[in-house]
Amino acid sequence: MREKIILRVVSKAFIPFIFLFALYIQFHGDFGPGGGFQAGVVFAAGIILYGVIFGLDTMRLAVPERLMEYGIVLGLILYGGVGIVSLISGANFLDYDVLNAHDPTHGQHLGILLVELGVGITVTCAMTTIFYALAGRGEK
Amino acid sequence: MQWLGLWHYWAVIILMMIGLYIVIARDNLVKKVMGLSIFQVSVIMFYVSTGKVEGGTAPIIPEGGHDLVYSNPLPHVLMLTAIVVGISTTALALALIVRIQEAYGTVEDDELNAIDGAAL
Amino acid sequence: MPLPIEIVLFIFLLTTAVVIARLEDLFAAAMLTGIFSLLSAGLFTIMDAVDVAFTEAAVGAGVATVFILCTLSLTAKREYQQPTRILPFIVVGITGAALIYGTLDMPAYGDPDAVPHGHLSAKFIEIEEKAFLSQDKHAAEPAQHGSGEKAVGLPNIVTSILASYRGYDTFGETAVIFTATIGVMLLLRTRRREKKVSPPNRDQMETTS
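Chains as they are written, first to last, in my numbering: chain A, 1 to 140; chain B, 1 to 120; chain C, 1 to 209.
Since the hints were derived computationally from the structure, they do not count as laboratory data. One or more of the hints may lead you astray.
No farther apart than 27 Å at their CA atoms in a straight line, the calculated lysine-lysine pairs in the DSS-like style are these [as the list claims (entries may be wrong)]:
1. C/K77 to B/K32
2. C/K77 to A/K4
3. C/K150 to C/K130
4. C/K123 to C/K150
Far from chain A by the CB rule (all over 12 Å, computed), these chain B residues [unchecked claim]:
5. L4
6. G5
7. I13
8. V43
9. F46
10. Y47
11. G56
12. L68
13. V69
14. A114
Computed from a predicted structure; not experimentally measured. Cβ coordinates follow ideal geometry from the N, Cα and C atoms, glycine included.
Turn these sequences into a full structure, and let the hints guide you.
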């Protein structure tokens, strides 16, 4: 890819904005279209774009494979952890009303934010790991 | 003609038939996965089209928006999860295809059958 | 009343699907699946499903195409020419005819009185609308949810249902993604690690496998 200078420069300029847009989708999902799934996929698309343009070895330096593998578990644990916390607080599993002592609506908002974050982390890391597995199979 | 209001469903069913045709008639396994994703999109579109309300808007409440008609949000939620599960299963299918290619040296269905038949 | 744009998008979508079915160049077909997803995302937007459209555009046009291209680089680039067989056409035709016969009893597209819009969906929209708009009015005091019903009070009803009302569902689905990724890793990552751990054994292993 060394000779494709336009691709390299343009993608380098674009990737930060893809990540920024993914974060916007993630945290604005409560108010507009979007949420954890979409944000995770867009974030992973940015990482995969980097890998496609600059090669797998450069991608491994920027986004370690191990980190992505832990991230899959971390997101799922974050989701389940919110459920466990509400369980300990005396409500049903994944009942976010109890997360805020004063206003159940605020508890709901906090719970949804955390749960969507967990989904976003899992989806990002899962898509990147699948790309690593498929693309890493091809390199000798 | 009361049936004229059903043409959305029919268009989606024709799409579904094309996906089904690829899955059963084509021998290349990657092509079968593509057909499966066409099939999946058409099923999702069928569900979403049952949620549409004439004159409705997307189910997002605007500030101070009273007396608005919203489309049915429930099919959207169910299909949102279906899409993401769909990409996961597609990835798993593609991984299996890669392994089949490495084990047999081909991903054509009839050749795989021939190899298996010769081995037996 | 069908919008002209809907008809145009459906025609494009059907054409793309037929071309995918007929193409023997698999790389071109993989790129067309991306276009297919983008077109269907446009249709989802017209059907008011903005969240679904967003996901379909990101997943189908972005990630799925890359995965298929990765697979194609490891397998065949073209599929073999094959004679047109008549049996698949008959099977598909019968299935399609049965499905179209099944739609004849359905309510028309966009019918506000259709059964799916009653019961639960209507209740979700009513509760959430009341909760969000009352919250809007008196921002200082905690929201009152009418008859003590539970509510989320977010503008995006889809997010409310997805993450709160149907939280179990989404949790299970995240677990499915987790499981599928574990499956992909188990299928594809083994040999690379063997190579790393024990380089002297590599030749022996490849001959045995």
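Consistency of the hints with the structure:
1. C/K77 to B/K32: This hinted pair holds, its Cα atoms lying about 14 Å apart.
2. C/K77 to A/K4: holds (23 Å)
3. C/K150 to C/K130: holds (11 Å)
4. C/K123 to C/K150: holds (12 Å)
5. L4: holds (31 Å)
6. G5: Consistent with the label, B/G5 stays out of reach of chain A, its closest Cβ about 27 Å off (over 12 Å).
7. I13: holds (27 Å)
8. V43: Nearest chain A Cβ is 18 Å from B/V43, so the label holds.
9. F46: holds (21 Å)
10. Y47: holds (17 Å)
11. G56: holds (15 Å)
12. L68: Since the minimum Cβ distance to chain A is about 16 Å, B/L68 lies beyond 12 Å and the statement holds.
13. V69: holds (18 Å)
14. A114: holds (25 Å)
Hint check: no violations occur; every hint is consistent with the structure.
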